[in-house]
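First residue of the sequence shown? That's 60 in my numbering, and the numbers climb one at a time after it.
These are calculated hints, taken from the structure and not from any lab test.
C-beta atoms are modelled at their ideal positions from N, C-alpha and C, and glycine is treated no differently.
Some hints here could point you the wrong way.
[Stated by the list, open to error] Label pairs and their computed distance ranges (CB to CB):
(1) Ala147 with Leu169: 15 to 23 Å
(2) Val143 with Ile166: 34 to 42 Å
(3) Phe301 with Phe157: 38 to 46 Å
(4) Gln116 with Val143: 26 to 34 Å
(5) Val139 with Ala165: 23 to 31 Å
(6) Arg74 with Val135: 30 to 38 Å
(7) Leu108 with Ile84: 30 to 38 Å
(8) Arg74 with Gln132: 56 to 64 Å
(9) Trp262 with Ile166: 20 to 28 Å
(10) Arg189 with Met308: 44 to 52 Å
(11) Leu93 with Met308: 32 to 40 Å
(12) Ile84 with Gln237: 17 to 25 Å
(13) Leu162 with Arg79: 41 to 49 Å
(14) Leu162 with Ile185: 15 to 23 Å
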Amino acid sequence: MATITTVVRGRPSTRSSVWRRRLLIGVVALYVGLLIVAPLVALVRGAFLEGAAAMWQVINQPGVWRAFWQTLQIGVVVVVVHTVFGTAVAWVFVRDDFRGKWLLNAIMDLPFAVSPVVVGYMLILIFGRRGLLAPLLAAWDIQVVFALPGMVLATLFVTMPFMVRVLVPVLEAFDVRQEQAAATLGAGGWFTFRRVTFPALRWGFVYGITLTFARALGEFGAVLVVGGGIQGRTETVPIYIFRALDERMYTGAYSAALLLGLFSILLILGTDWLRRRRQE
């Protein structure tokens with residue numbers, strides 16, 4: 060009996076391989092559904108469990124808006140810092156060779172491996188009242204721990220790799236002959252970067268900024284340890300959600316989590332949609 064074959068994405072495939080592909084797709088869909096879609100559905104259900112009016116009443120409280128505002132402040136500062144220094148780090152990794160480059164490259168991935176709680180504790184050991192820099196900070200009357208600067212530093216640490224890891228492959232794929240051609244025509248370094256290099260890296264910057272900002276909005280452990288989660292002072296949205304759950308204010312916790320999650324999802328989906336529109 061002849062074997063029935065079909066074509067899957069340009070290559071012949073037997074019926075058994077087609078079923079294997081379908082099974083794999085089904086497993087992937089189930090995996091994504093259980094880990095991402097199902098929790099989102101449960102979150103929406105929990106937020107509207109007592110009605111939209113109750114949800115809005117909770118969200119409209121000054122403490123909740125203060126937490127959102129502080130979270131956005133941290134996110135914006137982190138994005139600005141990493142856009143500047145993350146670009147510099149990625150540039151050095153791709154364009155320069157130096158002793159110890161491999162070590163610096165490995166260190167850049169430490170935030171992926173180190174627990175956020177450990178990050179917060181390390182910052183306390185440096186900037187706390189008995190930390191290494193305590194005398195200097197006291198002399199200048201600067202408070203880092205249990206204040207906004209410490210929360211920013213903690214978020215900077217945990218989000219450090221995102222911009223770098225997005226830009227490095229984009230820089231590696233960039234044809235440096237375009238820069239060389241601009242240089243032979245008399246263009247300076249800054250002009251070449253603005254008119255030649257940056258346009259080619261634009262979507263790398265956009266994705267790096269998007270991922271960094273989304274990750275900064277959701278940071279909890281490091282910010283809680285170094286900021287203390289003081290209500291009305293150092294409380295971000297994730298910390299508010301934790302406190303609301305601890306105090307059995309479930310509608311407030313679900314509502315804040317829903318807003319934060321939707322904002323991050325729309326940010327990422329919107330970025331991808333813009334990229335697709337530009338490519339068309």
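Against the structure, the hints:
1. Checking the proposed 15 to 23 Å range against Ala147 and Leu169 shows it holds: the Cβ atoms sit about 18 Å from each other.
2. In this structure, Val143 and Ile166 break the distance hint of 34 to 42 Å, their C-beta atoms being roughly 19 Å apart.
3. Checked against the hint of 38 to 46 Å, the pair Phe301 and Phe157 passes, with Cβ atoms roughly 43 Å apart.
4. Remark: the range hint 26 to 34 Å for Gln116 to Val143 is contradicted by a beta-carbon distance near 41 Å.
5. With their beta carbons about 26 Å apart, Val139 and Ala165 fall inside the hinted range of 23 to 31 Å.
6. Distance hint check: the CB atoms of Arg74 and Val135 are about 54 Å apart, inconsistent with the given range 30 to 38 Å.
7. At roughly 34 Å, the beta carbons of Leu108 and Ile84 sit within the given window of 30 to 38 Å.
8. Range check, Arg74 to Gln132: about 58 Å between beta-carbon atoms, so the 56 to 64 Å window is met.
9. Range check, Trp262 to Ile166: about 27 Å between beta-carbon atoms, so the 20 to 28 Å window is met.
10. For the pair Arg189 and Met308, the supplied restraint of 44 to 52 Å is violated, since their beta-carbon distance comes to about 35 Å.
11. Distance hint check for Leu93 and Met308: the Cβ-Cβ separation is about 27 Å, which falls outside the suggested range of 32 to 40 Å.
12. Between Ile84 and Gln237 the beta carbon distance is about 40 Å. The supplied range of 17 to 25 Å is therefore violated.
13. In this structure, Leu162 and Arg79 meet the distance hint of 41 to 49 Å, their C-beta atoms being roughly 43 Å apart.
14. For the pair Leu162 and Ile185, the beta carbons lie near 21 Å from each other, so the given range of 15 to 23 Å is met.
The structure is inconsistent with the numbered hints 2, 4, 6, 10, 11 and 12, although it conforms to all the rest.
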